[in-house]
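K.L.:
Chain E is already provided as a structure; the job is to place chain V on it using the hints.
Chain residues, written in single-letter form:
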Amino acid sequence: MDSIVFAPMPSKMQDKVFATLVQMFGRRNVRLFFKNRKLLITKGGPRHEVFAVTNEQFNFIFNKIKAVLGREPYCAGVFVGIYGKKFKPSLDICEKLFKIAKRNAIMINEQAAILFSYGRDVMLKSITKVYEPLHEVVVVVDPQENVVGLCKLIVKNLNKTLCNECIVCENIIDKGWYLRKGH
Amino acid sequence: MINPFKTFNMDLNYAKPSTLALELAKKYDFPPYLIERYVKMLGYSEAEMFLNTIGKGLRKAIRCNRLKISCKHLKQRLERKNIILKKIDFLDYGFWVIRGEDKIGHTLEYLYGFYYIQNPASMLPPLILAPTPEDVVLDMCAAPGGKTTHLAEIMKNKGIIVATDISREKMKALRSHLSRMGVENVIAIRMDVREIRRLRNTFTKVLLDAPCSGEGLIPIDPESIRKRRVEDLYIMASKQVELLKIAYEVVREDGEIVYSTCSIAPEENEFVLNEILNTLEDRILIEDPGINVGVPGFAEVFNIKLRSDLRKCIRLYPHKHGTEGFFICKLKKIG
Chain E
1 MDSIVFAPMP SKMQDKVFAT LVQMFGRRNV RLFFKNRKLL ITKGGPRHEV
51 FAVTNEQFNF IFNKIKAVLG REPYCAGVFV GIYGKKFKPS LDICEKLFKI
101 AKRNAIMINE QAAILFSYGR DVMLKSITKV YEPLHEVVVV VDPQENVVGL
151 CKLIVKNLNK TLCNECIVCE NIIDKGWYLR KGH
Chain V
1001 MINPFKTFNM DLNYAKPSTL ALELAKKYDF PPYLIERYVK MLGYSEAEMF
1051 LNTIGKGLRK AIRCNRLKIS CKHLKQRLER KNIILKKIDF LDYGFWVIRG
1101 EDKIGHTLEY LYGFYYIQNP ASMLPPLILA PTPEDVVLDM CAAPGGKTTH
1151 LAEIMKNKGI IVATDISREK MKALRSHLSR MGVENVIAIR MDVREIRRLR
1201 NTFTKVLLDA PCSGEGLIPI DPESIRKRRV EDLYIMASKQ VELLKIAYEV
1251 VREDGEIVYS TCSIAPEENE FVLNEILNTL EDRILIEDPG INVGVPGFAE
1301 VFNIKLRSDL RKCIRLYPHK HGTEGFFICK LKKIG
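Chains as they are written, first to last, in the numbering used here: chain E, 1 to 183; chain V, 1001 to 1335.
By construction, these hints were calculated from the structure, which means they are not laboratory data.
Hints should not be assumed to be uniformly reliable.
Unchecked claim - Partial list, computed: chain E residues near chain V (C-beta under 10 Å): (1) 46; (2) 68; (3) 79; (4) 82; (5) 148; (6) 165; (7) 172; (8) 177; (9) 179.
Stated by the list, open to error - Here chain E is said to cover these stretches of chain V; the calculated rule only asks that three of the stretch's residues, wherever they fall, bring their Cβ under 8 Å from a Cβ of chain E: (10) 1108-1117; (11) 1181-1187; (12) 1191-1205.
To be verified - Distance condition first, Cα-Cα at most 30 Å in a straight line; then the derived DSSO-like pairs of lysine-lysine: (13) 1016/V / 1075/V; (14) 102/E / 1170/V; (15) 129/E / 1068/V; (16) 1156/V / 1170/V; (17) 88/E / 1075/V; (18) 66/E / 12/E.
Model, not experiment: these values are computed from the prediction.
No residue lacks a Cβ here, since even glycine has one placed at the ideal position from N, Cα and C.
Excised from the complex, chain E in its bound form:
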């Protein structure tokens, strides 16, 4: 992490990030969350991480940490995701946006939520509610709407899937990841 540099994210790159998030959570909700926030991207490391910081944090990073201290942050503000060929949103940002948007999610039963937090996938029979519209990557919530993780839909239409025991959404990341691996 030492040779990694935090830089303001160029607007073309930002467009790609916002396009993905807008598809998942809607333009109004994304705007609402990112109001008064700026995006930073890491350079020089094995992956490009994107962080959202407030204007106050942005100024502190550039005027104090970089200019006076000659250092780079390890992390800052909210981790938004990993920028690459495709932008991969983080669980952190999806949790915050789901709280506002209440869309692009599936609710699963308590038992399935526990299993999902151990890295398991979602079977059709575990889904108790669908928060339309759905994107390819959806938020997984428990019966109290707590975010358990993200999964990738592997069927085109949940309603037309007849096999109850079939896996319909593959685990991408879950809350247990913090314990099993961590950042």
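P.N.:
Just chain V now, with coordinates in the frame of chain E:
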């Protein structure tokens, strides 16, 4: 580097064990120099009460994360899992785990970031520092993030917390806890915190939970202390004095510093503060912590007279308060 050992012209004979201390040391299988110091600090009977707590462990406690859940709701959720909580006297959102201690680190609620497993003593420094959403706070030895996430919660995820630590592994843990607990106002930097002195007069508040011998953790981990010598306390104290001086340099005028350690050794606490207060004279003062918990700091110990205002500091003991052994003091930089 200031050396409190030299400053106090300490004759380490004060830690030379008496016959009484040797007897206790044999009974409790503990280093005699430690016992001698405990007898001198606490008196014979209280020292024995303290030694009796060793190896018994401490009751677990959690701090409810109000950024994500109401404490009432959390309590109900955990009760349904047969985890019973009891409110900690001094903190509305801190709870002793009365039943279900073995499960407390493996619940979905933990993964959701609804609480942080933390000894109540460690909940005090952020509470005493009491930052507001307008503050720019420095958390000097932040990882793994128990106090950082607590500061963020008190600040309602607003303002700025600069969290520094040098350990690569512990920084990973810090970042995971920040994500888990939904914290948004932290800028974490992996660095030797001594470099931060370049940011003079920058922070409105500073938390220095200083690296220490861990003498307060003896009830949890008695083995950790057995290999140490009294001289080691002074090596640690030198580092603590240096860090506290840095905290003074980077805090703004009228800004506040909270100094804490998980150690009950006066050498790492009152001696360190005594040194700083004498060096900086009228440029810094001890403030009332504004909370009624623990017992006062020592103004005299091992036959050494210290400043009387050190009584405003707080000491916590496992045999008295059921917490880790802990020390906390609040300071103010004078404008």
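K.L.:
Could you check the structure against the hints above and give me the numbers of any it violates, in ascending order?
P.N.:
1, 4, 6, 7, 13, 14, 17
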